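Number of protein chains: 2
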Amino acid sequence: MLGAGWTARGRRLLPLACRLLQPRPLRRVCSSGRLRGDSAASGLSEAGLQPLRDKFGGLSVRLSQLRSPESLEPETFRRCLQDSIRQWRTEGYVAVWLHVPILQSRFIAVAAEQGFAFHHAESDSATLTLWLAEGHSRLPHYATHQVGVAGAVLDVHTGKVLVVQDRNKTRNAWKFPGGLSEPGEDIGNTAVREVFEETGIKSEFKSLLSIRQQHRHPGAFGKSDMYIICRMEPSSFKISLCQQECLRCEWMDLAELAKTSDTTPITSSIARLLLYGYREGFDKIDLTMREFPSVYTGLFYKLYHRELPENYRNMTG
Amino acid sequence: MLGAGWTARGRRLLPLACRLLQPRPLRRVCSSGRLRGDSAASGLSEAGLQPLRDKFGGLSVRLSQLRSPESLEPETFRRCLQDSIRQWRTEGYVAVWLHVPILQSRFIAVAAEQGFAFHHAESDSATLTLWLAEGHSRLPHYATHQVGVAGAVLDVHTGKVLVVQDRNKTRNAWKFPGGLSEPGEDIGNTAVREVFEETGIKSEFKSLLSIRQQHRHPGAFGKSDMYIICRMEPSSFKISLCQQECLRCEWMDLAELAKTSDTTPITSSIARLLLYGYREGFDKIDLTMREFPSVYTGLFYKLYHRELPENYRNMTG
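Respectively, the protein sequence lines represent chains A and S. Add 6 to a position in the first sequence, counting from 1, and you land on the number used in my numbering. Add 6 to a position in the second sequence, counting from 1, and you land on the number used in my numbering.
Here chain A stands alone, though its shape is the one from the complex (with noise of 0.2 Å):
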């Protein structure tokens, strides 16, 4: 089996903070996943720490689980980081993730001297990893998109569409009021929130009319922008503009948006959709959505495509 331990001997002569990182033999592994081992057992417990395998063969260590991190000395934590690397790679696990909480950031600099490479951090915490195993890392990446989401408004009854004008950009173009999702809120519920905070205008919505897939995007920190429209229906029609934000605000004639110049390549493309809808059936151009319990016990999502006839949507085996 990989990895034979230490001896008694080694243990005792090793400072107890060395034994902090040291490895698990495999075969030792709990059904947890979690490693126990005689003679790193204790120094490990010791400080707190206690690696965890994961299914893809990585282990993820927590410095969180340091019980005195005040007292660990950055040159020690280097030398048992190095020591648990080589014998980490020699048992055959691919990846090391770990995570560091930001009052203890002074062991990063540590980690990346051993090859440890930012993967992701937010709030309190920061993640780093290290590939060991041959070749290019297969580490799944971090989020690379955000998204962002505006609402095309139309009025269905007068033919109007809800337009604004950013107040932060050069050139005075019509767009649909939109903004950047919070995290965790759905693609419709933004475009309500984006609608209403920028125009005060309520509406409701119908369904998703367009996506645009942009790679670095101004703004998005060097990652990717989804920027996703809606069709959506009023259900006030007060104009109540948000000076922040917006230059100006107002009802537009649909057709008189799709053919003018004073507005953006998309905007007008989405336009000219929307007129299509309008004047031949909105079902000639939405995508509707459904709402399904997902397989992770709790969970939803929301699936968005062409609207299924119903003879199609029963099928039965």
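For the record, the hints were derived by calculation from the structure and aren't laboratory data. Among these hints, one or two may not hold up.
Note that the list lumps identical chains together, so a pair holds whenever it fits in one copy or between two copies.
Derived pair list, reagent style DSBU-like, types lysine-lysine, alpha-carbon separation capped at 35 Å [what the hints assert, rightly or not]:
#1 290 <-> 212
#2 290 <-> 265
#3 61 <-> 208
#4 61 <-> 290
#5 61 <-> 265
#6 244 <-> 265
#7 208 <-> 244
#8 166 <-> 61
#9 61 <-> 181
#10 61 <-> 244
#11 166 <-> 265
#12 212 <-> 166
#13 208 <-> 290
Nothing here was measured: the structure is a model prediction, and the numbers come from that model.
Here the structure of chain A is known, so what remains is to put chain S in place on it, guided by the hints.
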């Protein structure tokens, strides 16, 4: 004007290092947005730090500009940062962005004690933020979604569609081959790549069929997931299974996939959609793609929506 700056006597008495982060009076902002001032300039430029003002009223500090980071004591940095924050708040700045190279991570905990939190981190750099103004932070979030793409590869001559069974799942459900997009990778290219990697089949992107949004997606590090299924046309037909990812792979009768229970709800839904399109015209189900030049010079974006009739596509004012 806000902030009178430092007196000559005050400047001489300050330790050199403490001038690192001397705030700049707003009136001395030059056209590049860089802050300039008589007294503070010498200290800042000696240490290398040059806070930059952005157009939203925030400040950016880059520790990569430190000339001798090793000689800067964390305690000195703490005092300077504390004084600077007080000054910047007085001067009306709304936020501070602190960019830290991974090897200078020992300054992160210092910043955190002053209220900074991680905004994001990747590779060899972390970005932290501190909201200075009243109320909740209005700073934009980092990326919130990973993007997964699957390809529904339909052989229109046989009516068979390419399906796989995942190796790593407990239940052997038939699905379309797919996987996570690489950073910067277009949706259609992910579909082509993943289909090929998992099955050995070469295919071409035809259209977008569905979008599924799920929050708190397992494996997405607490973030959200956008799962997109594309309609693909095969240009090769001999399966070469990737054993690492897939248990099985076959060309299955589309009508059978649409009715079987040995699949996931989303695969079943899209199989039925695909069958509807196969029988009554793909134009009924497709979201087609058009490419546009972005207003951001040199960049392009792909826009997906229902196909527009020509007379609507070519409307002019």
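Against the structure, the hints come out as follows:
1. 290 <-> 212: Both ways: residue 290 and residue 212 sit 13 Å apart in one copy and 19 Å across, limit 35 Å.
2. 290 <-> 265: For residue 290 and residue 265, both the intra-copy (20 Å) and inter-copy (26 Å) Cα distances are at most 35 Å.
3. 61 <-> 208: The answer is between: 31 Å across copies meets 35 Å, while 48 Å in one copy does not.
4. 61 <-> 290: Result: close neither inside a copy nor across copies, 46 Å intra and 42 Å inter.
5. 61 <-> 265: between (56 Å within a copy, 33 Å between copies)
6. 244 <-> 265: within (25 Å within a copy, 49 Å between copies)
7. 208 <-> 244: within (9 Å within a copy, 54 Å between copies)
8. 166 <-> 61: For residue 166 and residue 61, only the inter-copy Cα distance (34 Å) is at most 35 Å; the intra-copy one is 55 Å.
9. 61 <-> 181: between (47 Å within a copy, 22 Å between copies)
10. 61 <-> 244: between (56 Å within a copy, 31 Å between copies)
11. 166 <-> 265: So residue 166 and residue 265 pass the 35 Å test inside one copy only (14 Å; across, 43 Å).
12. 212 <-> 166: The answer is both: 16 Å in one copy and 34 Å across copies each meet 35 Å.
13. 208 <-> 290: Intra 25 Å, inter 31 Å, cutoff 35 Å: intra and inter.
Consistency note: the structure conflicts with earlier hint 4 alone.
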